[in-house]
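J.: Residues 1 to 301 in full-length UniProt numbering are what the sequence shown lists, from first letter to last.
It should be emphasised that the hints constitute simulated quantities derived from the structure, not laboratory data.
Model, not experiment: these values are computed from the prediction.
Treat each hint with caution, since some may be false.
To be verified - Beta-carbon label-pair distances, calculated as ranges:
no., residue 1, residue 2, range
1, P218, E284, 12 to 22 Å
2, V27, T179, 48 to 58 Å
3, R295, V125, 39 to 49 Å
4, A178, P265, 19 to 29 Å
5, N66, E121, 55 to 65 Å
What the hints assert, rightly or not - Cross-link-like lysine-lysine pairs, in silico, DSS-like; alpha carbons within 30 Å at most:
no., residue 1, residue 2
6, K4, K83
7, K76, K89
8, K114, K4
9, K37, K89
By construction, the Cβ of each residue, glycine as well, lies at the ideal position given by its N, Cα and C atoms.
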Amino acid sequence: MDLKQLECFLAVARELHFGRAAAKLYVSQSSVSEAVKALEHALGGLLFDRTSRRVALTPLGETLRNGAAPAIIQLKASIEDCKQQAAGKPRLLKIGFLGGGLYELHQPFVTEAKAAHPEIELEFVELTYVTHYAAVSDGTVDAAFCRLPLGADGLRHGPVIMRDQRMLCVPQDHALAATGLVDPELLAQERLVRMVPGSVNQEWQDYHFPHHTPQGKPIGEGPVIRTIREAIAAVGTKQALLMLTKRAASYYATPQIAFVEIDLPAMPSALVWRADDRRPIIQELNALLLRIGSRYGIAPA
Numbered sequence: 001m002d003l004k005q006l007e008c009f010l011a012v013a014r015e016l017h018f019g020r021a022a023a024k025l026y027v028s029q030s031s032v033s034e035a036v037k038a039l040e041h042a043l044g045g046l047l048f049d050r051t052s053r054r055v056a057l058t059p060l061g062e063t064l065r066n067g068a069a070p071a072i073i074q075l076k077a078s079i080e081d082c083k084q085q086a087a088g089k090p091r092l093l094k095i096g097f098l099g100g101g102l103y104e105l106h107q108p109f110v111t112e113a114k115a116a117h118p119e120i121e122l123e124f125v126e127l128t129y130v131t132h133y134a135a136v137s138d139g140t141v142d143a144a145f146c147r148l149p150l151g152a153d154g155l156r157h158g159p160v161i162m163r164d165q166r167m168l169c170v171p172q173d174h175a176l177a178a179t180g181l182v183d184p185e186l187l188a189q190e191r192l193v194r195m196v197p198g199s200v201n202q203e204w205q206d207y208h209f210p211h212h213t214p215q216g217k218p219i220g221e222g223p224v225i226r227t228i229r230e231a232i233a234a235v236g237t238k239q240a241l242l243m244l245t246k247r248a249a250s251y252y253a254t255p256q257i258a259f260v261e262i263d264l265p266a267m268p269s270a271l272v273w274r275a276d277d278r279r280p281i282i283q284e285l286n287a288l289l290l291r292i293g294s295r296y297g298i299a300p301a
């Protein structure tokens, strides 16, 4: 077996679809199928149950995924580090973000990280509601600035850097647009946009896209969205409402859209990384973010 076979296997294990896995890897579907078959032959058992309707991991496949994924991600990161070093270039550290990311902390963070670690080059990758945790889990980014709680297993987060007032995004002519502070029980009369199923865990969905009010009244189901802009478009066409942070409300100012405060717990954000990633640089960036946030007066005590 080789690294390419394992990469193909992990892509199929994530997507549970050979075609989508091939598209993610920029190879043909037949190449992915052949790689998986070769790996199954080498291991002596099937890694996937395949039917015309679905693809599912076998127990053997689950064992390989759980054991191989962290090692492959770390190996690929080490190979990239070595390539950068051999070329005389700084090591690349990819940081994902959703929406406005670090907002007013972005520039001081980049400046001070570069000064403290000239051997590291930061690359920022914009993520979506669908990918902001998946990209950390699968190694697309080394870490990401995410809204908590953690949206996937196998991850850790640093100290909360921002804790933002929650805002309700509504059409400008909506009855709630003139409300000073929205009672969350009124959401029982509305619909909220919804996440792509399986993109984050239920705890994260319940916090950011709740299905019930605090008193247990059901909230209507709006359209499934993938990006913040898609969600705001759904608000603009009066299909559903959306909850964002106060900083995001300023960042995503849109004609005919209003943002009003809602009486729900604030949205916390922090740096998130893989639990098996023990590189000191991750902790150093966490400490730097906390110092900058405290200096700007926005890091919670």
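J.: Taking the beta carbons of V27 and T179, is their distance inside 48 to 58 Å?
T.: Given about 52 Å between the Cβ atoms, the range holds.
J.: Between the beta carbons of R295 and V125, is the distance compatible with 39 to 49 Å?
T.: This hint is violated: roughly 26 Å between Cβ atoms.
J.: Given the range 12 to 22 Å, decide if the beta-carbon distance of P218 to E284 lies inside it.
T.: violated, 45 Å
J.: Do the Cβ positions of N66 and E121 conform to the proposed distance bound of 55 to 65 Å?
T.: violated, 32 Å
J.: Need the status of pair K76, K89: alpha-carbon distance at most 30 Å?
T.: holds, 17 Å
J.: Take a quick look at whether K4 and K83 sit within 30 Å of each other, Cα to Cα.
T.: Distance ~18 Å between K4 and K83 Cα, so the pair holds.
J.: Given the hint that K114 pairs with K4, test it: the Cα-Cα distance must not exceed 30 Å.
T.: violated, 34 Å
J.: Looking only at beta-carbon atoms, does the pair A178, P265 fall within the given range of 19 to 29 Å?
T.: holds, 24 Å
J.: Check whether the Cα positions of K37 and K89 lie no farther apart than 30 Å.
T.: Roughly 38 Å separates the two Cα atoms, so the pair is violated.
Taken one by one, the earlier hints fail for this structure at numbers 1, 3, 5, 8 and 9, listed in ascending order.
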